[in-house]
Amino acid sequence: MSATVTGAPRLRPSRALILRGLLLAGLALLALLPVLNRMPAESALYVSDFVVSVSGKWICYAVLALAIDLAWGYAGILSLGHGAFFALGGYAMGMHLMRLIGPRGVYGNPVLPDFMVFLGWKELPWYWWGFSSFPFALLMALVVPGLLAGVVGYLAFRSRITGVYFSIITQAMTYALMLAFFRNDMGFGGNNGFTDFKELLGLPLNTAEARAALFYAALAVLAGALWLCRHITRSKLGRVLVAVRDAESRVRFLGYDTTQVKLAVFVLSAMLAGLAGALYVPLIGIINPGEFSPGNSIEAVIWVAVGGRGTLVGALLGAFTVNAAKTWLTSFAPDLWLFVLGGLFVAVTLFLPRGLVGLLRKDDSR
Amino acid sequence: MKPGSLYLDGVSVVFDGFRALNSLSLIIEPGELRAIIGPNGAGKTTMMDIITGKTRPTEGTVSFGDHDLTKLDEAAIANLGIGRKFQKPTVFDALTVFENLELALQAPRDPWSCLRWGLGQEARRRIEAVLAEIGLSERARDRAAILSHGQRQWLEIGMLLMQDPQLLLVDEPVAGMTDQETEHTAALLRRIAGSRSVVVVEHDLEFVRALGQKVTVLCEGSVLSEGSIDHVQSDPRVIEVYLGR
Numbered sequence: 001m002s003a004t005v006t007g008a009p010r011l012r013p014s015r016a017l018i019l020r021g022l023l024l025a026g027l028a029l030l031a032l033l034p035v036l037n038r039m040p041a042e043s044a045l046y047v048s049d050f051v052v053s054v055s056g057k058w059i060c061y062a063v064l065a066l067a068i069d070l071a072w073g074y075a076g077i078l079s080l081g082h083g084a085f086f087a088l089g090g091y092a093m094g095m096h097l098m099r100l101i102g103p104r105g106v107y108g109n110p111v112l113p114d115f116m117v118f119l120g121w122k123e124l125p126w127y128w129w130g131f132s133s134f135p136f137a138l139l140m141a142l143v144v145p146g147l148l149a150g151v152v153g154y155l156a157f158r159s160r161i162t163g164v165y166f167s168i169i170t171q172a173m174t175y176a177l178m179l180a181f182f183r184n185d186m187g188f189g190g191n192n193g194f195t196d197f198k199e200l201l202g203l204p205l206n207t208a209e210a211r212a213a214l215f216y217a218a219l220a221v222l223a224g225a226l227w228l229c230r231h232i233t234r235s236k237l238g239r240v241l242v243a244v245r246d247a248e249s250r251v252r253f254l255g256y257d258t259t260q261v262k263l264a265v266f267v268l269s270a271m272l273a274g275l276a277g278a279l280y281v282p283l284i285g286i287i288n289p290g291e292f293s294p295g296n297s298i299e300a301v302i303w304v305a306v307g308g309r310g311t312l313v314g315a316l317l318g319a320f321t322v323n324a325a326k327t328w329l330t331s332f333a334p335d336l337w338l339f340v341l342g343g344l345f346v347a348v349t350l351f352l353p354r355g356l357v358g359l360l361r362k363d364d365s366r
Numbered sequence: 001m002k003p004g005s006l007y008l009d010g011v012s013v014v015f016d017g018f019r020a021l022n023s024l025s026l027i028i029e030p031g032e033l034r035a036i037i038g039p040n041g042a043g044k045t046t047m048m049d050i051i052t053g054k055t056r057p058t059e060g061t062v063s064f065g066d067h068d069l070t071k072l073d074e075a076a077i078a079n080l081g082i083g084r085k086f087q088k089p090t091v092f093d094a095l096t097v098f099e100n101l102e103l104a105l106q107a108p109r110d111p112w113s114c115l116r117w118g119l120g121q122e123a124r125r126r127i128e129a130v131l132a133e134i135g136l137s138e139r140a141r142d143r144a145a146i147l148s149h150g151q152r153q154w155l156e157i158g159m160l161l162m163q164d165p166q167l168l169l170v171d172e173p174v175a176g177m178t179d180q181e182t183e184h185t186a187a188l189l190r191r192i193a194g195s196r197s198v199v200v201v202e203h204d205l206e207f208v209r210a211l212g213q214k215v216t217v218l219c220e221g222s223v224l225s226e227g228s229i230d231h232v233q234s235d236p237r238v239i240e241v242y243l244g245r
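Protein chains in written order, with the numbering used here: chain B, 1 to 366; chain E, 1 to 245.
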């Protein structure tokens, strides 16, 4: 045996290269979009505002897909409630955007958002304190989903609740949050949520500059999330996660505290989802309780399944292709989408258990 | 009591009136390789359960060196250096042979340490030594999923060796193995013993013969005969209850 033996598996270099090349080309192409948006409208290369904002949205979805893949594809924790972490991150950023509206609201109240004036509230509830600060709002977009995941995960993993039972608990969690956020007296704008945002970090929204800035911020976060997930999955921790996914009791028998390992990855995954939500809200200009709907979480899991769970490229590929298909299909046959989505999930489960990436990567079963 | 010697004296286990072990006494010296055979229901598995703390004896003494095993739980007994290989191999299919051994290596187990873990020279040497010992050096970079049944058993033994046990309990290692794999396993266990004690429970008498060591025959929860394989095979009591059937 040569001295260069490492633990890394043998890969077919050509396939790994194709995937990496596709990924880099895709990201580079994305980075060009806001530039092409500035081209004259009659140019063949011109890209509309719509394309820029829609792809910005997909980038946020891709971060959410990475978060789900880290927990599900690697550690085997199938959360059907990641939409809740995404929405909580979105609400945290939404609260900041609402505070920035200031006296420009319909009622002109410098402190209270319009919906609070409408409800006859006299002062800001305590849980809105601090949200006029951007760093605080960003911190909360990470901390609140992380805390919720910590509590739910601790109770579930400690009791060794796994598999479908855990999935059902997370579905119930996002459903309960949706019902709570629908209530007006929660202080989060009820049914209507937050909208009519004016600015962020001094930049007026709904301008090409703001769109481009938010787009690049999302792209930078995606690149950072990809780096972080890659770092984790290539470390020994990543191998422990895979081992937990495949034979948790055996890992425990080796002396690892699997509850702690799963909790760590679940909390991190929730924080990543929250960050994705915080980027999403200023990009699309609205957040309402519909973001908590159980269907959203399931849809996000389907992106990962279609792309190929257990590979980071797969999560990205799935988020972009499924959402591209959705945007295309719903433009002429919106009623069909749910059937297509369901059919896609069944087809992938039956015929492509490793997703689109499985078509390219035969050798690497991680 | 010599450090590293296993000592069972007058051990009985009663399940609902059934005596699984009946005043069993047994001494395994440090570095000894011992085969335990016996018909079904002789108490072989119960004996393993007693040593690893999975089952508590109704009466009797079980000690390892100076430690009273009847007072320790499973994790504490494992930490004393008593490793057990179950019949069904459980290795991590998605990981390579090398990575399987790396997970079993003694190192801090918390998520943060695992994230920051780097494979040092010493750890690499240790893994390579075990790879050589179990004869899987050539397969280090292959996924465990593509190993043969025999190789998976050796990998599992390797994972136990990574934890540097002083006493290794091996339950029916050659069930389902080809003749060649059985021979290889016997050689592997002979190599492992010496620096540590090994207790093998097995049905396959050819394999026990290949081990070439002292054999203990259990029957109805106590020792029926003890000695070389030739000695026990010619013992009329053994022939009557076990071999002659």
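Be careful, since some hints might not be right.
As the list claims (entries may be wrong) - Calculated from the model, a selection of chain E residues having no Cβ within reach of chain B, i.e. all distances over 12 Å:
| no. | residue |
| --- | --- |
| 1 | T178 |
| 2 | R191 |
| 3 | E206 |
What the hints assert, rightly or not - Some chain B residues close to chain E (C-beta under 7 Å, calculated; not the full set):
| no. | residue |
| --- | --- |
| 4 | S235 |
| 5 | K236 |
| 6 | L237 |
| 7 | A247 |
| 8 | L254 |
Hints listed in this document are in silico derivations from the structure and should not be mistaken for laboratory results.
Remember, predicted model here, so these are calculated numbers, not experimental data.
We put the CB at the ideal spot given by N, CA and C, even for glycine.
These are the hints, each one checked on the structure:
With 12 Å as the threshold on Cβ separation, the claim that T178/E sits away from chain B holds: the shortest Cβ distance comes to roughly 24 Å. With a cut of 12 Å on Cβ distances, R191/E stays outside the contact zone with chain B, its closest approach being about 18 Å. Its beta-carbon lying about 30 Å from the closest one in chain B, E206/E satisfies the requirement of being farther than 12 Å from that chain. Among the interface hints, the one on S235/B holds; its C-beta lies about 5 Å from the nearest C-beta in chain E, closer than the 7 Å criterion.
With 7 Å as the threshold, the beta carbon of K236/B comes within range of chain E, its nearest partner Cβ sitting at about 4 Å, so the hint holds. Checking L237/B against chain E by beta carbon gives a least distance of about 4 Å; that is within 7 Å, so the hint holds. Taken as an interface hint, A247/B checks out: its beta carbon lies about 6 Å from the nearest beta carbon of chain E, inside 7 Å. Hint status for L254/B: holds, given a least beta-carbon distance of 6 Å to chain E, under 7 Å.
Consistency with the previously given hints is maintained throughout, with no hint failing.
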